[in-house]
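**Q** Line order of the protein sequences matches chains A and B.
Counting from 1, one number per residue, gives the positions in the first sequence under the working numbering.
Counting from 1, one number per residue, gives the positions in the second sequence under the working numbering.
In case anyone wonders, no lab produced these hints; they're calculated from the structure.
For each residue, glycine too, the CB sits at the ideal point set by N, CA and C.
Please note that a few of the clues may not be correct.
Not everything, but these chain A residues come out facing chain B in the computed CB check (under 10 Å) [said to hold, decoys possible]:
#1 Gly-52
#2 Pro-83
#3 Asp-285
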Amino acid sequence: MTYTLDIQNLTKKFGQFTALNDISLQVKEGEVFGYIGPNGAGKTTTIRVLLGILHATQGGAKVFGLDAWKDAVEIHKRIAYVPGDVNLWPNLTGGEVIDLFVRLRGRHDRQKREKLLEMFDLDPSKKCRTYSKGNRQKVALVAAFASDADLFILDEPTSGLDPLMEQVFQECVLERKNSGKGIFLSSHILSEVERLCDRVGIIREGRIVETGTLAELRHLTRILINVAAERPIEGLEALKGVHEVIPQQDGLSFQVDSNELGSVVSHISQFGVKKLESMPPTLEDLFMRHYNAPDARDGGS
Amino acid sequence: MKGSFTNTGSLVRFILRRERVVSAVWILALVLFSVGLVPALGEMFGGVESRANLVGMLKNPSMIAMVGPAFGHDEKDIEEFSRHKMTYQAAFPRYTEYFNTFSAQEGGDTDDPVALMARFSIYLDGLNEDDPYKTHMRGFEDYLAAVPFELSYNTGALYTNFMLLWVIITVGIMNIFLIARHTRGDEEKGRGEVVLSLPVGRLSNLNASMITAVIVNTILALLTGLGIAAMGVEGVGFAGSMLYGVALGVSGLFFAAVAALFCQLSSSSRGAISLSVLALGVIYMLRAAGDMNGDMEALSYISPMGLIQRSEIFVENYLWPSLVVLLVSVVITSLAYALNTVRDLGQGFIAARPGRKEASPLLSSPFGLAFRLLRNSVIAWFVGIFAIGAAYGSILGTEAFEGFMETNEFYSQIMGVSADYTATESFVSTIGFIMAFIAIVPVLIAALKLRGEEKEGRTEHMLSRAVSRAGYLSSFTVLAFLSSVLMQCATALGVYSAAAAVLAESPEIGITLGFLLRANLVYLPAIWVMIGVTVLLVGLLPKASGAIWGYYGLSFFLVFIGRLPGLLPEWAQNITPFAFIPQLPMEEITLAPLAVLTALAAVLTAAGFIFYRRRDMLTV
Ligand SMILES: Nc1ncnc2c1ncn2[C@@H]1O[C@H](COP(=O)(O)OP(=O)(O)OP(=O)(O)O)[C@@H](O)[C@H]1O
Ligand SMILES: [Mg+2]
């Protein structure tokens with residue numbers, strides 16, 4: 001199996017500070033991979049190592065089977081990248097910047113450029129100095145999507161876009177996905193990740209705490225249950241996988257690990273269930289747990 | 001407007017906090033430099049004779065163009081001095097005998113007695129140190145101390161004459177950056193609006209920046225003044241020292257005000273800095289024109305630099321020029337405040353126009369980008385340097401210059417100043433030196449541009465595309481090398497364009513376009529070493545790459561002070577590559593040092609490339 005991205009035991013230190021701590025990560029061909037984690041977790045740092053902009057302290061990364069540091073130029077011929085902070089040259093126009101970026105990769109598809117400019121509703125004749133944050137991001141997005149890359153690395157590409165443009169962005173990504181391109185998407189917008197990504201990796205404080213498909217990850221999470229019974233429910237706390245039991249007006253609410261759901265339900269059924277509501281975990285819940293809990297990794301298993 | 005200045009005080013504290021390192025380094029460097037030179041000068045030129053010799057040198061038009069007029073009642077003083085010297089010389093018992101020996105050597109060419117005496121004087125100076133004549137002359141200082149004679153051109157006056165202008169320029173640049181950083185710079189980085197959203201007045205930030213400038217310049221003035229006075233060198237009195245400090249501080253404030261004004265007018269912080277530095281250059285050239293040309297002396301009074309020089313520090317100690325400059329600064333500051341209240345945040349008075357929808361075919365490689373980013377700056381500097389060259393060139397033809405050629409003879413007779421080269425030639429060599437240091441600025445800007453791109457977070461765009469690091473770095477480096485050649489040619493062409501008429505009339509001066517090109521291009525190896533150091537810094541110590549400006553300043557002052565014979569030890573001068581550049585036409589071109597410098601530049605540049613390819617990008 002060839003991986004588009006293959007990160008092996010990567011550690012990156014800035015002086016004493018460890019930004020990435022022994023992370024390993026694989027992205028398969030044609031896969032859309034969502035990379036999420038709290039601020040300062042190390043997402044951008046990972047991407048910069050992948051791009052050969054930062055030098056790994058230990059371990060390394062391969063892109064298309066090539067070394068991310070040594071073969072950077074070769075790799076970049078097949079990559080399109082949108083940085084998180086789009087800083088442009090104040091005295092060049094958006095159109096000039098897009099052309100420069102596209103030409104640096106080689107082929108120049110004018111029609112595509114015009115189409116994208118229209119889709120993203122961007123005026124290319126303005127100086128970058130006068131662009132708003134969202135418009136600067138559009139410049140980078142147009143340049144990326146106008147190029148015929150095999151892998152798109154997108155670092156919070158929509159953080160400044162309005163909902164309409166967010167929609168356009170998702171269409172563009174899906175179009176690339178359908179034509180078999182790989183996409184590595186770092187984002188804080190969970191609905192976006194949910195809609196676009198095949199697999200997700202969660203990074204926190206420089207460590208990968210979870211990877212898998214969304215279904216797999218959901219499986220690892222807790223379900224919220226509201227229950228009302230004829231008799232008081234006893235012995236619940238003692239069960240494996242039950243958390244945060246809180247008495248309610250007409251019963252109880254508690255959380256349960258999804259893999260323990262069966263045994264818990266059979267336990268409470270002894271007490272004559274009157275009402276049983278279960279709420280599947282949203283992606284938000286999933287992330288909240290990983291973002292907040294200091295021992296997320298142990299708690300999850 | 002009500003509450004325009006609300007909370008200025010807190011902002012001042014905030015700015016001072018952000019400034020504590022940068023401004024402290026500036027002040028410390030300036031004070032150490034200003035104060036440190038005083039005892040050295042005092043020691044070297046404590047003697048009347050060496051000082052009188054220096055006056056001769058400073059009377060040279062090239063020195064006047066560079067540092068301004070020498071104050072003190074020198075003409076009268078020197079005549080009197082030379083009378084004393086001749087009297088003392090004649091008291092040497094075997095004077096006639098020596099003269100006869102000398103005439104015999106000369107071959108009896110006595111048609112011009114004045115020139116003969118001058119040559120005799122040189123002959124005497126060239127005798128061995130243990131010669132009886134020399135032993136006799138060693139008593140001259142004691143003799144002078146016994147007669148009622150004092151040179152008004154004292155060590156302090158010499159110091160001021162030599163240093164003040166350049167230190168003012170440095171202080172001016174410090175202030176321009178200070179103001180631009182905290183006004184336009186903050187607006188550009190988006191910090192300005194955060195501050196404006198707080199309960200502060202419309203003018204508070206500009207006002208706080210100006211108050212910071214007042215504080216910084218006051219500290220600088222006090223430390224410099226007290227420091228110089230504390231050296232306790234004879235002829236460098238307390239009042240003069242303090243006035244020297246005040247003159248510096250006031251000049252600094254003036255340029256802070258100028259920067260504040262241009263910060264309102266232009267549409268970017270870079271634009272504001274360029275315009276302010278341009279104003280500084282114009283002010284410098286105005287006084288050069290005024291000082292060189294008696295008919296136009298008014299120009300020197302219009303130029304704040306020229307005016308400040310007329311404080312005649314350590315001679316007359318006039319305070320009024322400082323007061324006038326201070327008043328002018330206040331007026332300019334008020335104007336800046338007025339403009340600040342009418343302009344929008346982040347805007348200048350020149351609105352942005354729509355630009356190209358598509359990039360020109362040139363903009364399709366890292367080199368194309370580097371060219372595009374540096375193009376305007378290179379053109380502007382080329383024109384500017386050509387103009388300054390032309391301004392100097394036009395001086396070559398002025399009456400003042402010819403007038404000097406006559407007095408020069410007077411000096412060479414009595415002072416024993418070597419008359420081997422003409423005033424024109426020495427002038428040309430001085431121009432070459434100053435211009436080379438001006439011309440390095442755009443070259444270093446080009447070499448540092450890449451680092452700027454990194455700091456602004458734009459490197460990522462290039463390096464995430466099919467651009468190699470070497471290719472990226474070399475685009476900017478190649479442009480730096482190219483512009484070094486361009487700028488040196490600009491000087492030669494500028495001087496030639498204005499002086500061509502004069503030079504054609506007097507071919508005996510022997511200054512042709514070819515000569516001017518050679519005299520300026522000979523600086524290239526040293527400039528290349530500076531580029532090499534910059535590339536190395538960008539590759540190896542990116543965070544410290546700004547240090548190249550420190551090295552640049554140091555080089556200038558070392559070469560400049562090196563012109564005072566014997567002040568600096570050899571090794572100190574040799575820290576800078578410019579020490580190895582021959583000053584045409586007084587010195588010959590020898591290939592070896594130039595080749596070594598060029599090789600050194602190549603090695604430094606190559607090392608820079610190696611380190612640049614290895615390091616992390618985006619080190620901010
Ligand atoms: N050049 C650097 N020097 C020192 N520390 C750095 C450097 N670059 C990043 N860091 C640190 O590394 C950590 C990871 O930063 P990174 O930019 O990768 O976070 P991120 O996950 O992208 O966050 P965000 O979601 O806010 O974009 C942060 O704590 C950051 O402060
Ligand atoms: Mg980030």
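**Q** Close enough to count: is the Cβ of Asp-285 (chain A) nearer than 10 Å to one in chain B?
**A** Violated, because the Cβ-Cβ distance from Asp-285 (chain A) to chain B comes to roughly 34 Å (cut-off 10 Å).
**Q** Close enough to count: is the Cβ of Gly-52 (chain A) nearer than 10 Å to one in chain B?
**A** 7 Å, holds
**Q** Min Cβ distance, Pro-83 (chain A) to chain B: is it shorter than 10 Å?
**A** 5 Å, holds
Of the numbered hints listed earlier, the single one contradicted by the structure is hint 3.
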